[in-house]
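Trainee: Residue numbers (my numbering), protein chains in the order written: chain A, 1 to 302; chain B, 303 to 604; chain C, 605 to 884; chain D, 885 to 1164.
To be clear, the hints were calculated from the coordinates, so they are not data collected in a lab.
Please read all numbers here as calculations on a predicted model, not as lab measurements.
There could be a bad hint or two in this list.
[To be verified] One side only, chain D facing chain B, incomplete, derived with CB under 7 Å:
| id | residue |
| --- | --- |
| 1 | 957 |
| 2 | 980 |
| 3 | 986 |
| 4 | 993 |
| 5 | 1026 |
| 6 | 1029 |
| 7 | 1034 |
| 8 | 1038 |
| 9 | 1041 |
| 10 | 1069 |
| 11 | 1084 |
| 12 | 1085 |
| 13 | 1126 |
| 14 | 1163 |
[What the hints assert, rightly or not] Here are the in silico distance ranges between beta carbons for each label pair:
| id | chain 1 | residue 1 | chain 2 | residue 2 | range |
| --- | --- | --- | --- | --- | --- |
| 15 | D | 1087 | A | 75 | 28 to 34 Å |
| 16 | D | 1083 | A | 283 | 47 to 53 Å |
| 17 | A | 15 | B | 334 | 27 to 33 Å |
| 18 | A | 146 | C | 779 | 46 to 52 Å |
| 19 | C | 878 | A | 275 | 36 to 42 Å |
| 20 | A | 198 | C | 826 | 49 to 55 Å |
| 21 | A | 146 | D | 1087 | 24 to 30 Å |
| 22 | D | 1134 | B | 441 | 32 to 38 Å |
| 23 | C | 807 | B | 587 | 40 to 46 Å |
Glycine included, every Cβ here is placed at the ideal spot set by N, Cα and C.
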Amino acid sequence: MAHEKGSYVNGTERRQRIIDEVEAASWVQDGMTIAVGSPAPMALVRQLIRRGVKDLTVIDSGLSLDLLVAAGCVRQAVSYYAGGGFGVPVAPSFRRAVERGEIVVWECEEGILTTGLQAAAQSLPFLPWRGGVGTSLPEVNPDLKVFSDPLKGETLLAVPPIKPDVTLLHAAAADAYGNVQHLGGPGWIDLFLQRAADRTVVQVERVIANEEVRANPWATTIAAVDAVVRAPYGAHPFYSRGFYVQDNDQLRMYVEAATAAAQENRPEALAYYLAHYCREPVTHGDYLERVGIKRLLSLYEY
Amino acid sequence: MAHEKGSYVNGTERRQRIIDEVEAASWVQDGMTIAVGSPAPMALVRQLIRRGVKDLTVIDSGLSLDLLVAAGCVRQAVSYYAGGGFGVPVAPSFRRAVERGEIVVWECEEGILTTGLQAAAQSLPFLPWRGGVGTSLPEVNPDLKVFSDPLKGETLLAVPPIKPDVTLLHAAAADAYGNVQHLGGPGWIDLFLQRAADRTVVQVERVIANEEVRANPWATTIAAVDAVVRAPYGAHPFYSRGFYVQDNDQLRMYVEAATAAAQENRPEALAYYLAHYCREPVTHGDYLERVGIKRLLSLYEY
Amino acid sequence: MGKCRGGSEPHPYGTTLFMPNDYSPQELMAVFLARDLQDGEVLRVGVAMPPVEAAVRLAHLMHGPNMELIFLGARMNVAHLHSLPMPAFGWDRRVVRWAESYSDTGHRFDRVKDWNNHVFFIGGVQVDPYGNTNLIGVGADYHHLRFRGPGSVGTATLSTHVGRYYIVLNSHTPRIFVERCDYISAYGWGTGGADARRRVGLPGGGPKYCVTPLCVIDFAEETKRMRLHSLHAGVAAADVQAQTGFTLTTSAPVPTTDPPSAEELHVLRTRVDRTGFLRR
Amino acid sequence: MGKCRGGSEPHPYGTTLFMPNDYSPQELMAVFLARDLQDGEVLRVGVAMPPVEAAVRLAHLMHGPNMELIFLGARMNVAHLHSLPMPAFGWDRRVVRWAESYSDTGHRFDRVKDWNNHVFFIGGVQVDPYGNTNLIGVGADYHHLRFRGPGSVGTATLSTHVGRYYIVLNSHTPRIFVERCDYISAYGWGTGGADARRRVGLPGGGPKYCVTPLCVIDFAEETKRMRLHSLHAGVAAADVQAQTGFTLTTSAPVPTTDPPSAEELHVLRTRVDRTGFLRR
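The following block holds chain A by itself, in its conformation from the complex (with noise of 0.2 Å):
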């Protein structure tokens, strides 16, 4: 900011940082390295797979990735667990993607992608980790390196610095500066996702007021973060801790689609799913109308 001799541009406001889901997308363009928290911020997903965006690098696990996979979102997973559940021991649609070698893995497992996340976090070249030595990480995952420590000479991993371009994460709650609080833990590795990351999006059950943030700072589990979407049930049908449950009626019905599409050649009921919760619904009150406000009101946690 300029100024001249005794005298300020002065006056500013502080600067507000809540922004729409569709905006908050727009950040991710073809090609982007993105990390997905957990749950997974639905709400910002569904806007990357309605704007048909592609050949992303994905750091995300479970049935979102799955989900990105099917839309035709995904070029590399960078991934430590993709699970189905319901029964299903792998996610479909990432499963048929790998095995047809339509997508590339990054593989990687839970300390090694956060001790990546961490040497990007810190501006390091590489970080060292010791999980993974003696296995078949480093052959199948050339960027990990096995190397001989400095001082004692003990065998390691070298782990190169993962860096998302973008970050978007769901939490219970913010304020417009950016303050983020969670309720029950924040995500799994959503804390390193942020450190990690050029930019992060975390869209929140809750805008709540500064004076809030201020009564709990320990309570708030990312700083300034560069953008809030408001998203009421927003990590549907995933859970929100402190909010509602996840649904397991529609998370069925997609991993069942999903499994006719990859094993049976049955894409139908995928298309669909496709279409009418993501592709069809312009705005995350769209998709909420499609599932209906008294599913919804059933998924309360206790």
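Since chain A is already given, all that's left is putting chains B, C and D on it; use the hints.
Mentor: Quick look at chains B, C and D alone, frame taken from chain A:
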């Protein structure tokens, strides 16, 4: 725990972890490496001085480090900062002891120290850090080795594990099972000191009900600490966030006494301070009696 | 307690539903694991393993008042509760209501040096005679897998550092038990030998038992090769061998896996698995 | 604002106490630094630097509604408050009452990649012509120092990664400004040259200004050697050179450091330094 077929040694209760400051201090033996948190857990520190523990390697900063040096407990200081305050830029006893070669400094810096603590906590033989490249730190501390990273060939420091035998901390509250909750944030690098240590003792202003912990599990900053010591006003003459501010009168008295001993060869006031406040009081309660309830109550935060 | 032997007489739990000889294989797996868990241990529970979900709860209630359970990043001791019901769906996030702290505060793996008393439970799409496990996939060519597995989860790190772990499988087939894993995602005893882990610098204690619906397998002291430890009631050694893709060492006669006691079944069915998840 | 020029006429702040020509060197240092801080920057404030304590508050109130201040691990934006009083004693922990979050949650240095818009302020017991600083001590033999310094604090890490930093000194003497530091605890511009930091792989932007009670010093573009930037009112270039242990580049005539405006003094004295800490 041994058990026989179909029958268990059952019915034991969950073990409580509250001990007194005398027992806790007895965990520290001559020659050990200890870490002292921020604010310094003075009830425990004074017990170490009272017992005349010797030859410690002490990871600490500021005036609590200075007091331990003045009392003759220290052989080596692992310190990134030994300021004096009250117009004295360097802690006086520390300064004199180093200049005379009576104690050794393991020269480091905050980023390097936390990196070494992290290496210990993660069972790694080293961790890399960039801060310190280009400085004299690896020259004056040969344990810090300059090396080329195995992926990109960048120049970094290899920091060895720094592993306290015992870490001593002060916090606002803990339950009887060692769930610690701070107020106003945990001190500086305390969480690193705890993670790296073999054992950790936390002295607290209040012992709270386990139910109070469960009401806000995110506020639990350290889980399952090895021992909890009940020590109201236990950080005095330092502050305890949420309870009292530091006692500048007593600290100034100490700094002046230590300066007179170090710079002017007048050790009487320092000897009095050590005897009156550290060696003669048998328990923390005895110390508080000497300070006086009126003085203590005058230190309320607001 | 010592007085609960079950049998045909009326026992203290007031119903014959809990007869020790009336239990499912999954219940037996849960009870076997629960007995082997020690008070004071920290139990890290993953996903989609109902016998493990039950075992840690049962052990905590029966003899582990100082155990800590870690579910979904929430760390808890809930020995004071009467019941620890199994979740409706493996990973119901409401389990965090029991938390005393969270381990997923952005530094989940920052204290691996303290994992000596941590225990975890691993599955696999392939398991070899030395307890190496594969969650990556099946097929000689990594770039054209015949079966893509779910991925390594945190097993490479956990198996490296925990004091010991258990391989727990929901089925026992020659497709799972193979002479050689196509890929290893968690290193158990490598190519064998008591020093197999020390040789590659892994500090943790490695796999102790492999528990399946048919039997319990351990690892021979010298070779660390799989050995039949006990057979579940009604299962013959030949049955197990037929379902295993490599030769299992056996010391005849192989004992029968200790059945659940009446007390164990009572606690399991009334205070843990109240909806009969393990009996389906 | 643009209308607050001070001078002899009655000005909008209603008292002649805030005459722009009636200020202390420490106040001038604070105002100089405040003007150079940009809205949106994250300001990391250390200990025992009253002009810095004042500068960050002044900048935040006057033109930095999006600045973030980090005091003692507490991260805050307090532009909405009328006053940001200086603490009674440099490090009064009550400052955490302003926090919106804490950075000392056990991962203080986990986001150095985002420090490009972070600013910090460094002191030194020695400073050399290339802005390298020494907090370790004075004396050729490290094992027998003539003067043991306080230690490096976090300066090696901060100076490596922040977008830029300021060397701020409470006094200006030839003992501090030396041709060669006995030890370097924070690498500034090394042995000189615009690529001095890139050569050793340090991503941060290095020291921008050195501010003392006598003058402001910058670093010549090509050589990165210290150069007299401006002299505080009443100080001659020769005075500065006499107090500096090496030759300072000068471009005659050296300008005078811009004095505080009436508005700046007003805000500084009524809303920041209300007890006159900088005028003692």
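Trainee: Run every hint past the structure and note whether it holds.
Mentor: Taking the hints in turn, this is what the structure says about them:
1. 957: 6 Å, holds
2. 980: This hint holds: residue 980 of chain D lies near chain B, its Cβ roughly 4 Å from the closest one there, short of 7 Å.
3. 986: Hint on residue 986 of chain D: holds, closest Cβ of chain B at ~4 Å, below 7 Å.
4. 993: 5 Å, holds
5. 1026: Hint on residue 1026 of chain D: holds, closest Cβ of chain B at ~5 Å, below 7 Å.
6. 1029: Interface hint status for residue 1029 of chain D: holds (6 Å vs cutoff 7 Å).
7. 1034: 5 Å, holds
8. 1038: 4 Å, holds
9. 1041: Residue 1041 of chain D check passes; min Cβ-Cβ to chain B is 3 Å, inside 7 Å.
10. 1069: 6 Å, holds
11. 1084: Given a least distance of 4 Å, the restraint on residue 1084 of chain D holds.
12. 1085: 5 Å, holds
13. 1126: Since chain B brings no Cβ nearer than about 24 Å to residue 1126 of chain D, farther than 7 Å, the hint is violated.
14. 1163: Violated: closest Cβ of chain B sits about 17 Å from residue 1163 of chain D, beyond 7 Å.
15. D:1087 <-> A:75: 28 to 34 Å: 29 Å, holds
16. D:1083 <-> A:283: 47 to 53 Å: Holds, at about 52 Å.
17. A:15 <-> B:334: 27 to 33 Å: 51 Å, violated
18. A:146 <-> C:779: 46 to 52 Å: Hint violated: Cβ distance 30 Å, outside 46 to 52 Å.
19. C:878 <-> A:275: 36 to 42 Å: For residue 275 of chain A against residue 878 of chain C, whose Cβ atoms are near 41 Å apart, the range 36 to 42 Å holds.
20. A:198 <-> C:826: 49 to 55 Å: 53 Å, holds
21. A:146 <-> D:1087: 24 to 30 Å: This hint holds: roughly 27 Å between Cβ atoms.
22. D:1134 <-> B:441: 32 to 38 Å: Because 34 Å falls inside the window, the suggested range holds.
23. C:807 <-> B:587: 40 to 46 Å: 43 Å, holds
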